[in-house]
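One letter stands for each residue in the lines below.
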Amino acid sequence: MKLTLKGKFDAYYQRWLNKRSPTSRSIKLTQKRIFIIPNKMGLLFLSLVVLVFVNGVNYQNNLIFSFSVLLLSIFITAIVSTYQNLSGLVITSGHANSVFVGKSAHLNIGLSNSARKNKQGLWIGFSRKNASAIPVVDGVHQLNITYKPNERGPFKVPKITLFSRYPLGILTCWTWLRLKFDGVAYPAPVFVPYQYVGRSDQEGEEADDIINLGVDDFKGFRKYQPGDSLKHIAWRQFAKNDVLLTKEFEEAQAQGHWLDWKALPGHETEMRLQILCGWVVRSSEEDREFGLSLPGLDIPVGRGDHHRDTCLRALALYGISSDLISEGA
Amino acid sequence: MKNEPLGHKALLFLAVNLTLALLLHVERLPVWVLGTAIGVLVWRYFIYLGRVASPHWLVKGLLVAGGFIGVYLTYGWQPSIEAMVSLLIVGLVLKPLEVEATNESYLLVFLSYLLIALNFLFDQSPLGYIWAMVLLVLTLATQVAVNRGSEKPEENNLIARSSGSVVGQAFLIFVKSIPLALFLFFILPRLGPLWSMNISTQAGTIGLSSSMSPGDIAELGKSDELAFRVRFLNNEPDVKQLYWRALVLDYFDGEQWSQRYKPEIDWPPFNEVSNKDGAGSMPFEVILQPNDETWLYALGVSRPLTAGIGISQDGRLVAKKKLHSQTLYKANAQLSQTMDKSGLTRKESLHYLQMPASGNLKSRQFAQNLKNTHKGSLDFARALKRYISENEFYYTLSPGVLRSDSTIDEFLFETQKGFCAHFAGSVVYLMRSVGIPARVVLGYQGAEENPVAGYYSVYQYNAHAWVEIWVEGSGWLRIDPTAWISPERIEQGVESALKNEFVGFSSGSSWLGPIRNQINALNYYWNDWMLSYKGDAQQEFISELFGDRDQAEMIAIYIACFFALIGAVFLTLLFDFKRVKLSDGQKLIKRYRMALESKGYELKDVMSVAQISQLALTASPHLVKDINWIREQIETCLYVDPDSHFSKADYRKIAVSIKKLSRQIRKAQGA
Numbered sequence: 093m094k095l096t097l098k099g100k101f102d103a104y105y106q107r108w109l110n111k112r113s114p115t116s117r118s119i120k121l122t123q124k125r126i127f128i129i130p131n132k133m134g135l136l137f138l139s140l141v142v143l144v145f146v147n148g149v150n151y152q153n154n155l156i157f158s159f160s161v162l163l164l165s166i167f168i169t170a171i172v173s174t175y176q177n178l179s180g181l182v183i184t185s186g187h188a189n190s191v192f193v194g195k196s197a198h199l200n201i202g203l204s205n206s207a208r209k210n211k212q213g214l215w216i217g218f219s220r221k222n223a224s225a226i227p228v229v230d231g232v233h234q235l236n237i238t239y240k241p242n243e244r245g246p247f248k249v250p251k252i253t254l255f256s257r258y259p260l261g262i263l264t265c266w267t268w269l270r271l272k273f274d275g276v277a278y279p280a281p282v283f284v285p286y287q288y289v290g291r292s293d294q295e296g297e298e299a300d301d302i303i304n305l306g307v308d309d310f311k312g313f314r315k316y317q318p319g320d321s322l323k324h325i326a327w328r329q330f331a332k333n334d335v336l337l338t339k340e341f342e343e344a345q346a347q348g349h350w351l352d353w354k355a356l357p358g359h360e361t362e363m364r365l366q367i368l369c370g371w372v373v374r375s376s377e378e379d380r381e382f383g384l385s386l387p388g389l390d391i392p393v394g395r396g397d398h399h400r401d402t403c404l405r406a407l408a409l410y411g412i413s414s415d416l417i418s419e420g421a
Numbered sequence: 003m004k005n006e007p008l009g010h011k012a013l014l015f016l017a018v019n020l021t022l023a024l025l026l027h028v029e030r031l032p033v034w035v036l037g038t039a040i041g042v043l044v045w046r047y048f049i050y051l052g053r054v055a056s057p058h059w060l061v062k063g064l065l066v067a068g069g070f071i072g073v074y075l076t077y078g079w080q081p082s083i084e085a086m087v088s089l090l091i092v093g094l095v096l097k098p099l100e101v102e103a104t105n106e107s108y109l110l111v112f113l114s115y116l117l118i119a120l121n122f123l124f125d126q127s128p129l130g131y132i133w134a135m136v137l138l139v140l141t142l143a144t145q146v147a148v149n150r151g152s153e154k155p156e157e158n159n160l161i162a163r164s165s166g167s168v169v170g171q172a173f174l175i176f177v178k179s180i181p182l183a184l185f186l187f188f189i190l191p192r193l194g195p196l197w198s199m200n201i202s203t204q205a206g207t208i209g210l211s212s213s214m215s216p217g218d219i220a221e222l223g224k225s226d227e228l229a230f231r232v233r234f235l236n237n238e239p240d241v242k243q244l245y246w247r248a249l250v251l252d253y254f255d256g257e258q259w260s261q262r263y264k265p266e267i268d269w270p271p272f273n274e275v276s277n278k279d280g281a282g283s284m285p286f287e288v289i290l291q292p293n294d295e296t297w298l299y300a301l302g303v304s305r306p307l308t309a310g311i312g313i314s315q316d317g318r319l320v321a322k323k324k325l326h327s328q329t330l331y332k333a334n335a336q337l338s339q340t341m342d343k344s345g346l347t348r349k350e351s352l353h354y355l356q357m358p359a360s361g362n363l364k365s366r367q368f369a370q371n372l373k374n375t376h377k378g379s380l381d382f383a384r385a386l387k388r389y390i391s392e393n394e395f396y397y398t399l400s401p402g403v404l405r406s407d408s409t410i411d412e413f414l415f416e417t418q419k420g421f422c423a424h425f426a427g428s429v430v431y432l433m434r435s436v437g438i439p440a441r442v443v444l445g446y447q448g449a450e451e452n453p454v455a456g457y458y459s460v461y462q463y464n465a466h467a468w469v470e471i472w473v474e475g476s477g478w479l480r481i482d483p484t485a486w487i488s489p490e491r492i493e494q495g496v497e498s499a500l501k502n503e504f505v506g507f508s509s510g511s512s513w514l515g516p517i518r519n520q521i522n523a524l525n526y527y528w529n530d531w532m533l534s535y536k537g538d539a540q541q542e543f544i545s546e547l548f549g550d551r552d553q554a555e556m557i558a559i560y561i562a563c564f565f566a567l568i569g570a571v572f573l574t575l576l577f578d579f580k581r582v583k584l585s586d587g588q589k590l591i592k593r594y595r596m597a598l599e600s601k602g603y604e605l606k607d608v609m610s611v612a613q614i615s616q617l618a619l620t621a622s623p624h625l626v627k628d629i630n631w632i633r634e635q636i637e638t639c640l641y642v643d644p645d646s647h648f649s650k651a652d653y654r655k656i657a658v659s660i661k662k663l664s665r666q667i668r669k670a671q672g673a
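Chains as they are written, first to last, in this note's numbering: chain A, 93 to 421; chain B, 3 to 673.
So here's chain B without its partners, still in its complex pose:
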């Protein structure tokens, strides 16, 4: 078997397959790659038609070199998944120019598999997975077509007929492979990364940003992308109290709030983690969308219940590595506790009282005046609340840009329109200017319940900024200045607070709500099961399935299951025989013969009905009437009209009379 040229069917399959594999990645491909892909496919088509000659090797070489340079120019040396995919696609796209024979087209097929697999880095939705499976079957079909490619259809029209079932064959292979794949998926232990991967996607996922200058979060407020899902393991929470802490900002440069103070992070060892279930605790489980950062979401004072998660001095939960894929973790929240009750260190007070040396004089003056009448920290906060709620402050997502050098003055005394970041920033500034340690906390507020699956979703539009002040004897206290002006904003979520500005995605619409909940529930189960099935979840599932067993037993069970599965597949080989379909007449003859043979008559294989009847007659002449009737019936069926079928009743009648005959013979023999 030589490296044969491809038939047109295989080429067609290849072309469709390549196009679909490319479409998977179309959003993250630079335009020039797409252009090249289309160009090459058209070119290849003309080569196939015979209008254009196959390109010279020099041309191909130049194209490949050009492709690599193009990828370098687009992405630089910074390795990223997109660059890798682009490089693969450049190879994939230029390969068809060369493909004339079977072996090279296998390469294309394998590259398609790889592209399908890599797409899961970007798309992990259940719908995406189904589509990937469809593509997998198609790629398998292409592989079957390529394998058959060298056969000439004109040699035998049987081939032409059977090649219609290429897709069917591929589907069969796919279906047969599923049980073993499922088994391996559930049983195989997951390894940790073999080497560290710092490759991140360049597109950058929308999420909180690590700094805050008012105007930032306006974008977020309108994004309905999912941030994370959460399930509460014991008691249902009060949605109003869900302040998901992600970041703590301590440094203000006059325009921007950012994180300068990096407090120590405590990494609780795994064995200490799980048994701290005090009263009033609220364990929860988060499935987090990849945010390409290390931050996780904490509630109140949280302790992690999953290994590998650290807790910082300022109450944040952090992961060891940047989160590029969906992650599941558990933590235990204590809503009633406060941090740093005992007092702040000198370093901490310095950070939490930091202010720019100049600017915002009006605000400082205002704070000082207020402080003179309200001495205590809490008193001061209450006075501030009264001031903001009694004056004309508005909550809006499009407050306009603050242009002056003193943005806080401008906001507090001129525009008076803003969103959480404006209010939080200004309040922290005012607090600090009178010597109250304060910090901005960024995160999400609220959650949307999905009653179908019993979990809560937190979307990007739940992003929020609030304030913590440190009060002697009480520790850090949360105040949410945004709640001071617009209570609905906190009570019913951002949608109802901003009805005028939100049109895009109202989940409140009466008939859309349940459907949306169903789809979200499906997504949740998918995430909870498919994406998070590793580590603890896997252990739990396996011990639920097989009970608690020691390692040796477990291994024995695995091996047994593995071989049982493979054995089951091989068992199908045993049943691969043609079943000959007998006509009614043939079936009756068989019965007739069996009836006689069991009574000790010796029948030859080639005997006709007449001969058999003759034999029966010589042995039991007194049954002549029955024998003749049976013979007549069978012969009519067999010879007069071979296509005729007995009605069920007739067939039964003959079968019964054969039985009767056999009984009578036995009686005669016994006598």
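Bound conformation, chain A alone:
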């Protein structure tokens, strides 16, 4: 009973919090979003005020009384200062690099302070315990926090807390940030040998063929085009002639190198995506030309880092959102 009550309360609290601080790209901290409460040291400070007050009253000592009153108004000033230190700060979500599930992504967050006073003693993190300090913010400040996605798809960044105990450490003032980031979590790659499935015209014929993935023979140079893998740039030639050339290799199965959803009939959807992801990674490491075929979506054969990212993005967003796929392109 107790647990469910607590559960109910938590759910209610979350709903209330979500309503108060909806997800967005840029958040300005106002009194609607800032929470402030005395912490353990604050309560201790208040009991100090009471102790001094009792001394003043019992000894009928006006000076001690005045001192207790002074301490009390210092506490109230501290409320204002602590609140002021957070208010007016604008937090914007910046770039986030897409990563595989389970790997760390850097979320770029921008803080901009339009107030006259510097913002000091700020801490940011997913929880109070794992927060890191932010240096004094005067004007604009950029910082990264590390996020490990555990589910493929667009980043579902949990709420981030920004808090401060400045200046006296007796009050904690915090806010919950629900920032939207563009990053995408790719499926964690699973590496299994590549299975070739022909295009629809040759369906079934060579389904079981296993193709050797090896280093191909060097064919010659061609002019560098944006999108070519950096690994294949002829750096020696570049050093000599100042001309960017790309090494070309003979490709045995250059045509029709398709990474196909249908090649993995016995697996579950997520597993299929993970295996496909592994293939994309491997193929791109080896700088092959490849295409990706998913139900309802074909990405034509291509190569290069950009092509790879498009394919991974398609895998990440498969079945979640189709209109997001092209966004990265």
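Calculated directly from the structure, the hints in this document are not laboratory data.
The model shown is predicted, which means the values in this text are computed figures rather than measured ones.
Treat the hints loosely; a few may be bogus.
To be verified - Straight-line alpha carbon distances no greater than 20 Å define the calculated EDC-like cross-link-like pairs of lysine to aspartate or glutamate that follow:
(1) A:Lys-339 with A:Asp-397
(2) B:Lys-364 with B:Glu-257
(3) A:Lys-132 with B:Asp-538
(4) B:Lys-324 with B:Asp-294
(5) A:Lys-221 with B:Glu-106
(6) B:Lys-323 with B:Asp-538
Starting from the known structure of chain A, arrange chain B on it as the hints suggest.
Relative to the frame of chain A, chain B by itself:
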């Protein structure tokens, strides 16, 4: 955010702060506490340097236990403020050994606040208060430093730069807190003690003692400590007539005079107190230094005007509780009245005629002989006065010790040197030996006027003893045998009477006098306002400020003021925006744009001066000369030399021509 280790800056602040908080209490601390404090600070410093390891918990535990035992051995179980402070300081002193992280250092900071507050029990001077405020700001700074302590300065040099202003920040917090504190101080009603406190300071303040054996008051005579201050509300008194009655001694055991008879005390209820203003009355207001006793000072026949003060049958004013802090009270003095006019009870006569069964035979004989020739009580007193003034009696503060069993005989017929206690004691003895009821009164005589603030100070060196005899039909009459031998002693105060013996504090010195008066006036106002602002004084002040209002209105006013103050603080938040400083060129562009926009031109945000001018030109081609001139001026300022400033006259000239331009455009539009 974990409990982070402290940075060296925070540690330094803590160390300085602790040392200063300790110095506040240094005079009343036992030596061993001081020694421990220094030892621990040095130890902590070596731990900080990394030369010594942090002590084992067992060592810390033993130290703490040792500290508590030490406090017990020094003070015993008798609770006193000193013991409490010592205990706190032992805790405070041993704590640094443990402090490595932020949370524990907050405790130290809070303990420092407490020590500053407790110091007011001992020191209530204005200078002490200022020093306490300085320490408060420092402690706040320490707290800010501790709060920042966990930040690593190498992370960002901005932190290193801004931490220089820790003290500045603390000061700002302090200043911002003052208005609210003042408001609360003036408005909050003072409560009575929550529980009775019988804790007294062990040091004991110098004052009158409750018994008198000649030799006692010699010490007092040389102390220039303040006993009390007094203000006369209506008429100025004659300083010679100021006999401040504190104690009445009735019992003599052959050596010592003491108070054995405890007459009834009348506690007039508050509402009866204030309206007894007969003719010849002299209302006065006393601010009394704490004397750790219940006695107050009465003048002539006094009636209290402050609630909670009792008046005893023998004319003393008494407080209900011992006075550990400065106290203000009012009373009304009737100098012409006498007590017990109607007669003494049997019990009273017994007490006031009491004498030891034996001893001082010579004195008894002398008194009897004198009485035989002078029958009346007053006659006898006059004869006594003649005898003392005509014989070689000297007034001195160092009369030497009287060793014999019959001290009165020895004084009257051998040494003949003494001070008020000798004379008063001997005269009472002589009176009683011939059947005249007599008693010794202890108190202060005289007062020193402070013309700056219009009050009088009474110092410990004003302590005095005199005699009262009871005369049929007249009641108790005051006689001052000390005045019989040395009239200056009474007329100009103890200083001039004893010029040879007093060197220390001559207030008569011509240039020091006014300064001393100023300082004393400051002290007086401080006492009158800061220390006594409670009860009646508070009521009076508030009704003076807001007028007489009923309670509901008063509460409404308080609440309004409180929220207005807090609102004012929050209002400062609104003005916390960066003001962008514009250069002269930018300001002119702004004016230029505004001038054109008000005439209906639509300007885009990103337009340059050239574009704006072009637009103006197409609309009003006849103004080409003005427009081009303005453009040229602004462009020169903006682009040719961005740092250049116009002289005031040039700036005005351009601004005026912009205005002229706008007027001309309007004219053109109108036409």
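Taking the hints in turn, this is what the structure says about them:
1. A:Lys-339 with A:Asp-397: The hint holds at about 16 Å.
2. B:Lys-364 with B:Glu-257: 16 Å, holds
3. A:Lys-132 with B:Asp-538: With Cα atoms ~39 Å apart, A:Lys-132 and B:Asp-538 exceed 20 Å; violated.
4. B:Lys-324 with B:Asp-294: 5 Å, holds
5. A:Lys-221 with B:Glu-106: 18 Å, holds
6. B:Lys-323 with B:Asp-538: 19 Å, holds
Consistency with the previously given hints fails for number 3 only.
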